[in-house]
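So the sequence lines, in the order shown, correspond to chains A, B and C.
Going by our numbering, 30 is the number at position 30 of the first sequence; the sequence numbering is gapless.
Position in the second sequence (from 1) plus 236 gives the number in our numbering.
Position in the third sequence (from 1) plus 504 gives the number in our numbering.
Hint data in this document are derived by calculation from the structure and do not stem from the laboratory.
Below, in silico cross-link-like pairs of lysine to any residue (SDA-like), each with a Cα-Cα straight-line distance of 25 Å or less:
no.: 1; chain 1: B; residue 1: Lys315; chain 2: B; residue 2: Ser273
no.: 2; chain 1: B; residue 1: Lys435; chain 2: C; residue 2: Ala515
no.: 3; chain 1: A; residue 1: Lys9; chain 2: A; residue 2: Gly53
no.: 4; chain 1: B; residue 1: Lys435; chain 2: C; residue 2: Gly703
A partial selection of chain C residues facing chain A, derived with a Cβ cut-off under 8 Å:
no.: 5; residue: Tyr634
no.: 6; residue: Ser640
no.: 7; residue: Asp655
Sample of chain A residues with no beta-carbon within 12 Å of chain C, all distances over it, derived:
no.: 8; residue: Asp25
no.: 9; residue: Leu26
no.: 10; residue: Asp113
no.: 11; residue: Ala165
no.: 12; residue: Glu171
no.: 13; residue: Gln194
no.: 14; residue: Gly220
Predicted model, so just to flag it, every value in this text is computed and none were measured.
Think of the CB as a built atom: it goes at the ideal place given N, C-alpha and C, for glycine as much as any other residue.
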Amino acid sequence: MQMFPLEAKQAIVRRKGKVLAGPIDLTLQGQGITIVIGPNGAGKTSLLKMLHGIARLHGGSLTWACTTAEAQKRQGFVFQAPVMMRRSVVENIAYPLRLIGVSKAEARLRAQDWAGQVGLAHVVKLQATLLSGGERQKLALARALIRDPAVLFLDEPCASLDGRATREIEEILIRAAANGTRLIMSTHNMGQAQRLADEVIFVLHGKIQEFSPAESFFAGPETKQGRAFLRGDIVE
Amino acid sequence: MKRTLIGVFAAVTLATSSLAEEMKLAVTTSFHNSGLSDILLPAIKDDLGLDVQLLVVGTGQALRLGEAGDVDAILVHSKNAEQAFLAGGNGTHRREIMYNDFVLIGPKGDAAGIGAASDVTVALQKIAEAEAAFVSRGDDSGTHKKELGLWASADLNVEEFGGWYNSVGAGMGAALNTASGMNAYIMADRASWLNFGNKQDLSLLFAGDPVLFNQYAYIPVNPEKHPHVKNILAEMLEAWLVSDRAKTLIDGYQINAETLFVFNASQK
Amino acid sequence: MSDLWGGLTQAFWLLATLDADLVEISLRSLQVTLTALLVASVLALPFAAFLVVRRFRMRRMTIAVLNALMGLPPVVVGLVVYVFLSRSGPFGVFGLLFTPSAMIIAQVIIIVPLIASIAHQSLRELWSDYHDLLISLNTTQFQRIQALLWDGRRALLTAALAGFGRAIGEVGAIMIVGGNIDHATRVLTTAIALETGKGDFALALALGFVLIALAVSVNLLIHRLSHTESEGRW
Numbered sequence: 001m002q003m004f005p006l007e008a009k010q011a012i013v014r015r016k017g018k019v020l021a022g023p024i025d026l027t028l029q030g031q032g033i034t035i036v037i038g039p040n041g042a043g044k045t046s047l048l049k050m051l052h053g054i055a056r057l058h059g060g061s062l063t064w065a066c067t068t069a070e071a072q073k074r075q076g077f078v079f080q081a082p083v084m085m086r087r088s089v090v091e092n093i094a095y096p097l098r099l100i101g102v103s104k105a106e107a108r109l110r111a112q113d114w115a116g117q118v119g120l121a122h123v124v125k126l127q128a129t130l131l132s133g134g135e136r137q138k139l140a141l142a143r144a145l146i147r148d149p150a151v152l153f154l155d156e157p158c159a160s161l162d163g164r165a166t167r168e169i170e171e172i173l174i175r176a177a178a179n180g181t182r183l184i185m186s187t188h189n190m191g192q193a194q195r196l197a198d199e200v201i202f203v204l205h206g207k208i209q210e211f212s213p214a215e216s217f218f219a220g221p222e223t224k225q226g227r228a229f230l231r232g233d234i235v236e
Numbered sequence: 237m238k239r240t241l242i243g244v245f246a247a248v249t250l251a252t253s254s255l256a257e258e259m260k261l262a263v264t265t266s267f268h269n270s271g272l273s274d275i276l277l278p279a280i281k282d283d284l285g286l287d288v289q290l291l292v293v294g295t296g297q298a299l300r301l302g303e304a305g306d307v308d309a310i311l312v313h314s315k316n317a318e319q320a321f322l323a324g325g326n327g328t329h330r331r332e333i334m335y336n337d338f339v340l341i342g343p344k345g346d347a348a349g350i351g352a353a354s355d356v357t358v359a360l361q362k363i364a365e366a367e368a369a370f371v372s373r374g375d376d377s378g379t380h381k382k383e384l385g386l387w388a389s390a391d392l393n394v395e396e397f398g399g400w401y402n403s404v405g406a407g408m409g410a411a412l413n414t415a416s417g418m419n420a421y422i423m424a425d426r427a428s429w430l431n432f433g434n435k436q437d438l439s440l441l442f443a444g445d446p447v448l449f450n451q452y453a454y455i456p457v458n459p460e461k462h463p464h465v466k467n468i469l470a471e472m473l474e475a476w477l478v479s480d481r482a483k484t485l486i487d488g489y490q491i492n493a494e495t496l497f498v499f500n501a502s503q504k
Numbered sequence: 505m506s507d508l509w510g511g512l513t514q515a516f517w518l519l520a521t522l523d524a525d526l527v528e529i530s531l532r533s534l535q536v537t538l539t540a541l542l543v544a545s546v547l548a549l550p551f552a553a554f555l556v557v558r559r560f561r562m563r564r565m566t567i568a569v570l571n572a573l574m575g576l577p578p579v580v581v582g583l584v585v586y587v588f589l590s591r592s593g594p595f596g597v598f599g600l601l602f603t604p605s606a607m608i609i610a611q612v613i614i615i616v617p618l619i620a621s622i623a624h625q626s627l628r629e630l631w632s633d634y635h636d637l638l639i640s641l642n643t644t645q646f647q648r649i650q651a652l653l654w655d656g657r658r659a660l661l662t663a664a665l666a667g668f669g670r671a672i673g674e675v676g677a678i679m680i681v682g683g684n685i686d687h688a689t690r691v692l693t694t695a696i697a698l699e700t701g702k703g704d705f706a707l708a709l710a711l712g713f714v715l716i717a718l719a720v721s722v723n724l725l726i727h728r729l730s731h732t733e734s735e736g737r738w
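Chain A on its own, in the form it takes in the complex:
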């Protein structure tokens, strides 16, 4: 079933009266990697949560091409600080499969496979809470990908990682995208954005300032703030 295009119309997310993101008007198609950039506090996380459907809309609408119920089953989200369940690594990765009724044995098998793919094979039995930052991100990625989602949202997945871990994660993401998974990801790292992006969303003050294909954005952003941000200036 076709999920895209995803359309947000005047969508607003609020908390305690303050608008975190919105009004957002956005149409996303089903191909490639979309990178969301912007200064801290711009509303990147809120935008991602809005599109994923875990932030309650206080106005406007968000529609997929398929039903909401269908859409909910086929997405994944990797949080900025991934949640480690109080279980072993393999049990963490297997958990989404157990939720949809996959048998314990099979889920475990597939989880072990994925653990290998993300480079966690040596710690499968370890309590997930004992993992390092980079290892946690890899676990979260494996856990998000194990159900083969159509769309994967990632909120600054390499924020506190060293160069090596960053490279390993990017490799996994590129592989996933090549396999057809739609990636929508926020990042701080302009280099990473340039490496991965097919299209760019520049967010400022909770609204989308620019939305354009990667080459044209990085060649020269349309807006003044976009240019300032790319230069490395502080954008308020």
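Chains B and C: place on chain A using the hints.
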């Protein structure tokens, strides 16, 4: 480990669901503390195959248990209360079984000088005059009612007593404990006193006045009011309690070579 | 002081000879309290998890009431259960008064608020951790409760232990609804009350030592079973 635990649980559960007949009898703390039940119950089990489950409470609560139908029969020692119980249709009839006597206990020094009293009325008056510490059951039991009756016949009004009169609201053993701790006077049934383990400085000071005799009676709960009570078993127990076998056991029960109860049931 | 020594000597003697009465009373104490613990946990733990994941209008009030119920005086619970189970009461027809079942019922009522309250507090912390993930994974309420109960099982064990501690030492309620009947409803606490009342302190102390030993060893056993110390991680 788990299997051992399960086995233990099974053993306990099965043990408590034995096939013997059982009935519930409410008895007074005075009767229980005498130790007589420890003699009678096994004999009843042997002779009748009957498990008598004793609820040891004050006379007041025993009567209420009978009224509510929570027990099958009661054994108490307060004739007025028993007759009121029967008048209310709560029991079938009243059968006298045995009697013991009450005694006055107090500190060895006997500051109130009741040891030399001619009868119990005089003894109580001396205690009141001396305002010596006195412990009362205060729990609406047969013993308590007896005590109140004695104060009344000595022309003394319990309501007007000062702090020397301590009403504890407890069973015989607990009240004796308190008296022992306070070194106070107390009226107790002889059997409970003899069986009491914490005498400290107390001793038996006055006894023998016929007024102090204490009649125990057995009353089956009325099956017309409470159809579920085990009336047949209650009658069976009654028949045993007035039998020669019971007579031998009751008359023969002694503590420190002293007989406590006197069997006085009449054959109907 | 001599009472204390007398108690110790008599206690060791009773234990060494595995005195039949002592064993029977101890087993019954364990039977009643462990059964009550099981029933109470089955009621309280899922309820605590439910309170955490499900938002409904009276939720704050329910939690406040639950915490307040921890202060329910056990003897009053005993009184109320007695009135309900008495033959002249609404549930009298079941004939449960003065049986171990009545004691179990009273103890369940006493410890459910305690277990639920403690469990709720720890599960709430766990939920604040898991919240985003479980919602993102599109879990049902039931699945969320399952995850919390399983991953939080160590903390739930603590809650159950607290319930056990409260129940094994309880005497007022079970005295009232059980009647302390010899060979039927007499347990360690009621037997101690009885012997003390008779002035037989040595025997009461002996029973007291057994009770302490029992409570402590069950605690140690549960701790071992949950490998808390060896795994070193909660």
